[in-house]
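Could you put together the complete structure from these sequences and hints?
Chains as they are written, first to last, in the working numbering: chain A, 1 to 376; chain B, 377 to 752.
To be clear, the hints were calculated from the coordinates, so they are not data collected in a lab.
Glycine is no exception: its CB is placed at the ideal position from the N, C-alpha and C atoms.
Treat the hints with care, since some could be wrong.
Calculated Cβ distances over 10 Å to all of chain B for the following chain A residues [claimed, not checked]:
(1) 215
(2) 316
(3) 368
The calculated DSS-like cross-link candidates involving lysine-lysine, where the alpha carbons are at most 25 Å apart (straight line), are [what the hints assert, rightly or not]:
(4) B:599 / B:571
(5) A:106 / B:482
(6) A:303 / B:685
(7) B:685 / A:223
(8) B:599 / A:309
(9) A:223 / B:482
So you can see what is in the structure, the chains are spelled out below.
2 protein chains.
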Amino acid sequence: MAYVTWSFEALERFCDDVFKAFGFSEEESAQVSDVLLTADLYGIESHGMQRMVRYHKGIEKGQIHLDAKPEVVFETPVSAVVDGHSGMGQLISIYAMSKAIEKAEKAGVGIVSVRNSNHYGIAGYYAQMASNSGLIGFSCTNSEAIMVPTFGRTAMLGSNPIAIAVPADPYPFLFDASTTVVTRGKLEMYNKMGKPLPQGWALDESGAPSDEAPRVLSNIVGKNGGGIMPLGGATEQLGSHKGYGYGMVAEIFSSILSMGVTSDQCCTFPDKTGICHGFMAINPAAFGDPEQIKAHFSEYLEKLRESAKAEGAERIYTHGQKEVLAQEDRRKNGIPVNDGTMIELLDLCSYLNLDFAEYFPGYEPPAEFAGFSGNY
Amino acid sequence: MAYVTWSFEALERFCDDVFKAFGFSEEESAQVSDVLLTADLYGIESHGMQRMVRYHKGIEKGQIHLDAKPEVVFETPVSAVVDGHSGMGQLISIYAMSKAIEKAEKAGVGIVSVRNSNHYGIAGYYAQMASNSGLIGFSCTNSEAIMVPTFGRTAMLGSNPIAIAVPADPYPFLFDASTTVVTRGKLEMYNKMGKPLPQGWALDESGAPSDEAPRVLSNIVGKNGGGIMPLGGATEQLGSHKGYGYGMVAEIFSSILSMGVTSDQCCTFPDKTGICHGFMAINPAAFGDPEQIKAHFSEYLEKLRESAKAEGAERIYTHGQKEVLAQEDRRKNGIPVNDGTMIELLDLCSYLNLDFAEYFPGYEPPAEFAGFSGNY
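Pasting the structure below:
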């Protein structure tokens with residue numbers, strides 16, 4: 001699939017206008033756009049513009065409620081439970097993480113557990129809201145079941161990402177990863193390329209390892225069993241129970257503390273997905289001088305980057321470094337969007353009565369999409 | 377190597393007497409023994425009686441200071457930094473986790489970061505102190521460098537375990553795992569058996585995968601490079617950067633927040649190891665009715681255990697279940713201790729002037745150890 005490159009500013013104007021056209025306020029639209037485009041800037045294509053179709057479908061189906069406002073249903077000086085009332089996941093999450101940050105600034109720690117939300121984009125965005133405020137940030141979410149627990153054959157947990165951001169120089173530490181070995185997006189990529197899946201990624205409907213992307217994906221859609229392995233694979237030899245354990249940690253902070261919907265039930269309702277999130281902010285000032293702690297951490301990160309490389313390896317990364325490099329490149333050289341996504345955006349424009357050509361001047365769909373105007 | 381089985385009570389009496397003979401008080405000795413024997417009850421042999429030789433050596437070398445008392449050097453209602461002054465790791469950790477629990481009971485959350493401690497045994501013990509009090513517990517530690525970061529060839533992080541315990545029925549959730557794919561103990565087992573290491577565990581001195589246990593172990597001891605892979609292996613394909621990321625999380629809560637010694641430097645000093653820990657307790661009452669939350673979680677755990685098994689698999693475990701089963705068995709049928717460890721205990725008795733035969737009546741060392749009385 002071919003890619004076409006657009007400037008960050010062009011995509012931002014488009015995203016803003018799309019969400020305003022859906023009925024969100026100027027501020028709300030800017031918030032959602034920022035989460036999506038941060039993913040594209042970081043090179044996490046699967047969570048950027050490519051997701052707009054899913055949000056569109058969610059709104060159309062009635063699983064995302066445009067006018068819902070998040071509500072605090074329980075609160076202490078260090079904690080809160082938020083009911084998202086099935087609003088837009090990004091708006092609920094920015095609200096909830098802001099609350100955690102506020103609490104951490106006053107009380108040292110803030111933990112907010114959220115129920116009845118929707119897909120929130122990249123977990124790291126919210127963790128980084130905290131690190132941008134000089135705090136340690138933690139963010140996690142559950143999601144539609146796709147992870148098969150160790151020795152199982154049915155997906156019972158989501159991809160359940162966990163993100164942690166910590167202030168550091170010259171850039172923050174930002175760890176953001178699904179607790180499955182890979183995400184569904186990777187399987188879809190292999191499927192598009194017609195390539196067999198690497199060993200250690202996926203399970204078929206009997207719970208046996210499978211390298212067949214089409215079979216695994218159609219089983220996931222049809223809920224016929226199988227799915228993706230936890231980080232660590234399918235057996236204890238490489239630590240399957242550990243990835244499964246971290247998946248549970250995401251569940252505990254999201255669906256359990258909030259009394260929300262666990263991953264095995266997420267996205268099975270007609271009028272909501274039930275997706276839950278967990279957020280935490282920790283103030284380093286509760287442990288000493290934040291500047292000293294930051295310098296101490298930055299020094300260790302530098303030692304890691306400078307440590308001896310494996311034969312043939314060019315670089316040891318610390319977490320968040322790749323995102324910084326990608327962002328520099330994409331702000332300067334633009335963000336590549338693939339034709340499949342462009343076609344979805346064309347369709348979205350016709351649905352919302354927006355002038356596609358105004359946002360994406362000169363774009364011509366490739367031959368196989370010529371004349372496309374129907375629903376994707 | 378053969379095993380000989382002793383009752384929990386016999387081993388407890390022995391451990392208590394050993395630590396009293398070293399000079400610890402009755403209460404302190406009982407605390408250390410409980411941490412060690414809990415590991416043996418859970419079937420985590422590497423962290424039980426087998427470790428006594430390491431504590432003995434630490435005391436002899438002067439890295440463990442018998443009379444050191446942990447000191448709070450920074451404190452808020454939700455947090456503290458403790459300097460362990462190189463005392464016994466278990467005593468410092470019980471002190472620090474008790475503080476976190478106290479804070480969580482009053483303020484909803486307690487986070488305690490510890491510097492200048494020593495090896496603390498199983499991470500899960502401290503997490504479970506919290507769950508025994510109806511709280512969510514988190515415990516992590518750094519340790520002597522053994523984990524090679526993704527694309528590296530030098531160990532820069534420890535095995536850095538993370539444990540999380542959460543109240544549930546009929547038994548608590550207890551996740552306790554190194555952030556390396558396996559621990560050094562596993563490599564030593566393969567070494568003893570003369571078997572090649574499974575793929576995806578270890579790296580040689582050039583940073584290339586290796587199945588040679590003797591080579592990897594001697595490199596670790598000699599600090600010649602190489603070591604153990606992060607959970608997720610050596611490349612990003614199976615998520616190496618994720619295990620490396622969780623290793624960093626353990627580092628952040630232990631050595632970073634406490635301004636302590638990072639793993640790359642741990643155990644390189646003559647008069648201390650510098651090992652650091654992190655503890656957190658979270659009160660479910662800060663999120664609603666603890667009994668409702670517990671019931672909600674227990675129901676999900678039950679669903680996981682009852683979900684469809686992979687072909688050929690008998691059981692899906694939830695975390696902590698294996699430990700419960702092992703404990704039931706070992707309290708009833710005794711705890712197996714291998715001959716190598718027995719010989720170390722014999723030597724320990726001669727060092728401390730304890731009567732070995734009184735604790736282990738009828739034990740005869742196997743032929744290869746006949747007449748053994750020197751230093752191990």
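Taking the hints in turn, this is what the structure says about them:
1. With 10 Å as the threshold on Cβ separation, the claim that residue 215 (chain A) sits away from chain B holds: the shortest Cβ distance comes to roughly 15 Å.
2. For residue 316 (chain A), the shortest C-beta to C-beta distance to chain B comes to about 5 Å, within the 10 Å cut-off, and the non-interface label is violated.
3. The beta carbon of residue 368 (chain A) sits about 31 Å from the closest Cβ of chain B, which is more than 10 Å, so the claim that it is off the interface holds.
4. At roughly 23 Å between alpha-carbon atoms, residue 599 (chain B) and residue 571 (chain B) fall within 25 Å of each other, so this suggested pair holds.
5. Taking the CA atoms of residue 106 (chain A) and residue 482 (chain B), the gap is about 16 Å. The hint holds against a cut of 25 Å.
6. The hinted pair formed by residue 303 (chain A) and residue 685 (chain B) fails the criterion: a straight-line CA distance of about 45 Å is larger than 25 Å.
7. Taking the CA atoms of residue 685 (chain B) and residue 223 (chain A), the gap is about 15 Å. The hint holds against a cut of 25 Å.
8. The straight-line distance between the Cα atoms of residue 599 (chain B) and residue 309 (chain A) is roughly 15 Å, inside the 25 Å bound, and the hint therefore holds.
9. Taken as a hint, the residue 223 (chain A) and residue 482 (chain B) pair is broken in the structure, with Cα atoms around 45 Å apart against an allowance of 25 Å.
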